[in-house]
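Chains as they are written, first to last, in the working numbering: chain A, 2 to 278; chain B, 2 to 278.
Hints listed in this document are in silico derivations from the structure and should not be mistaken for laboratory results.
Source: prediction; values computed, not measured.
Heads up, a few of these hints could be off.
If chains are identical, the list can't say which one is meant, so a pair holds when it fits in one copy or spans any two.
What the hints assert, rightly or not - SDA-like, lysine to any residue: derived pairs with alpha carbons at most 20 angstroms apart: (1) Lys160 - Trp104; (2) Lys219 - Val55; (3) Lys220 - Ile275; (4) Lys160 - Pro98; (5) Lys257 - Gly100; (6) Lys141 - His16; (7) Lys220 - Arg43; (8) Lys160 - Ala227; (9) Lys3 - Gly121; (10) Lys220 - Asp148; (11) Lys3 - Ala263; (12) Lys160 - Tyr97; (13) Lys160 - Gly125; (14) Lys141 - His12; (15) Lys160 - Pro19; (16) Lys217 - Thr173; (17) Lys177 - Ala78.
So you can see what is in the structure, the chains are spelled out below.
There are 2 protein chains.
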Amino acid sequence: MKIVTDHNELHAARHLLPRTVGFVPTMGFLHAGHISLVKAARGECKSVVASIFVNPTQFGPNEDLAKYPRDLPRDLALLETSGVDLVWTPSAEVMYPSGYQTWVDVESLTRRLEGDIRPGHFRGVTTVVTQMFIAVAPDKAYFGQKDAQQTAVVRRMTKDLDFPIEIVVCPTVREKDGLAMSSRNVYLNPKEREAATVLFRALSVAKVAFDSGEHKAKKLCSLVSAMIANEPLAHLQYVSCADYDTLDELVTVRGKALLSIAVFMGKTRLIDNIVFG
Amino acid sequence: MKIVTDHNELHAARHLLPRTVGFVPTMGFLHAGHISLVKAARGECKSVVASIFVNPTQFGPNEDLAKYPRDLPRDLALLETSGVDLVWTPSAEVMYPSGYQTWVDVESLTRRLEGDIRPGHFRGVTTVVTQMFIAVAPDKAYFGQKDAQQTAVVRRMTKDLDFPIEIVVCPTVREKDGLAMSSRNVYLNPKEREAATVLFRALSVAKVAFDSGEHKAKKLCSLVSAMIANEPLAHLQYVSCADYDTLDELVTVRGKALLSIAVFMGKTRLIDNIVFG
């Protein structure tokens, strides 16, 4: 496994890789969710490139950039074991050199849900993903369904800018008790960790109702919020039932839809979702 | 010479072209300035791709999109004669399909001069150039010095997004009497056309002064504005003496600098510039 930092090294190493090339962008502190993306890429592509970059521009001024968990040696060992061919670990100076001033913005999709609560977050995501798509020039790129809005935004951006890249969205990987894997789970204390299972339990109740014929968005959302309200350590920030592609809020679920939630467990903010249809 | 419209045709034709590939993006209604870009590309690259697309997103609501001059058959004949291999003539629907919402914005450089007067103009330029750079994937791209701020913005964007593309800026091509070639010159009536030589005459006076040792920006600008003021049909909108790369206004010209002007001749707005250093 080759490890590169700057663009020249990356371009030189990338051009030696046989195609097709699969790309897994990450912010490091890898868990089984990330590794599932690598394995999907490994199964579908001749070469696999991963990046590790804690992208400062997708953190808000009051967010956790400084204390975002990092463990590069462990990450590199995991990627090597998982069969990655090339790892790109750029510095912030490589991605945003002095005088940097170019931003990629997906408008409508990023002005709701996570984007409404975290203004500027998705502009940071789409800007760094654009840079990485140009630099890595993969055939396929792999994202986790857990960050559902991010996948919708990246799919739209890829289509709008006509990147010749297939976006592959992989299922959310969960702990045995249903909690979605997230680098931020390390922030939970034991009681919060135990209570955090309420996210998936609440979504599962809605799924059972949907499968039993309940297709009214309002009803599905109220099942989720009632369940979260029963957990004293949890505080629901939003619950949304929206079109899978446009993220427009629905009245009735007909096509593919996304039921998504953001929940505070103490100071830690968790997100999760399930897909209908 | 092959002519393509949609992305699939473009990708198929592009992959057959031997590298290096030179790219000349245009809005059509070609003149000798455009052809000089094609010839530069022809001289430096194995293959030459040109695009003709009157990009709606770089026109403001009160600008001349509908009446922007067009002559596709003539343009195609000129490009074929000049040795272009592949011409891309996308429709607005190809570049901005239903639901389009992704924008590329270069911040600081576009908030002054042309960008200050034409808000949103450069966002349209950088968005369409990004789309075209991704789709055409050239090794070199050719722009005219006449649109000086555009070249600074595109150079910055290319650097920031790390496109592996060399931006080549070619000298302004002028009519015999000094008027810079522009598709918009057709809007001038005969008296305005004659008077329009004042732009280059004014810039030339400043150049002579600079070459004689006058390096104070204010003095160079006032030589230009005095000369424009002497022409009754001309109305100066701005004169600027700025750093060539950052477009920061200068007190004293030391390194490479740009002296640029925007002038109304009747209802027609013309721009021109010269480079010092």
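These are the hints, each one checked on the structure:
no., hint, verdict
1, Lys160 - Trp104, "both (17 angstroms within a copy, 12 angstroms between copies)"
2, Lys219 - Val55, "neither (37 angstroms within a copy, 45 angstroms between copies)"
3, Lys220 - Ile275, "within (15 angstroms within a copy, 66 angstroms between copies)"
4, Lys160 - Pro98, "between (27 angstroms within a copy, 9 angstroms between copies)"
5, Lys257 - Gly100, "between (42 angstroms within a copy, 18 angstroms between copies)"
6, Lys141 - His16, "both (16 angstroms within a copy, 19 angstroms between copies)"
7, Lys220 - Arg43, "neither (41 angstroms within a copy, 64 angstroms between copies)"
8, Lys160 - Ala227, "neither (38 angstroms within a copy, 51 angstroms between copies)"
9, Lys3 - Gly121, "neither (33 angstroms within a copy, 42 angstroms between copies)"
10, Lys220 - Asp148, "neither (23 angstroms within a copy, 57 angstroms between copies)"
11, Lys3 - Ala263, "neither (37 angstroms within a copy, 52 angstroms between copies)"
12, Lys160 - Tyr97, "between (24 angstroms within a copy, 10 angstroms between copies)"
13, Lys160 - Gly125, "both (18 angstroms within a copy, 17 angstroms between copies)"
14, Lys141 - His12, "both (17 angstroms within a copy, 17 angstroms between copies)"
15, Lys160 - Pro19, "neither (25 angstroms within a copy, 27 angstroms between copies)"
16, Lys217 - Thr173, "neither (24 angstroms within a copy, 63 angstroms between copies)"
17, Lys177 - Ala78, "neither (24 angstroms within a copy, 67 angstroms between copies)"
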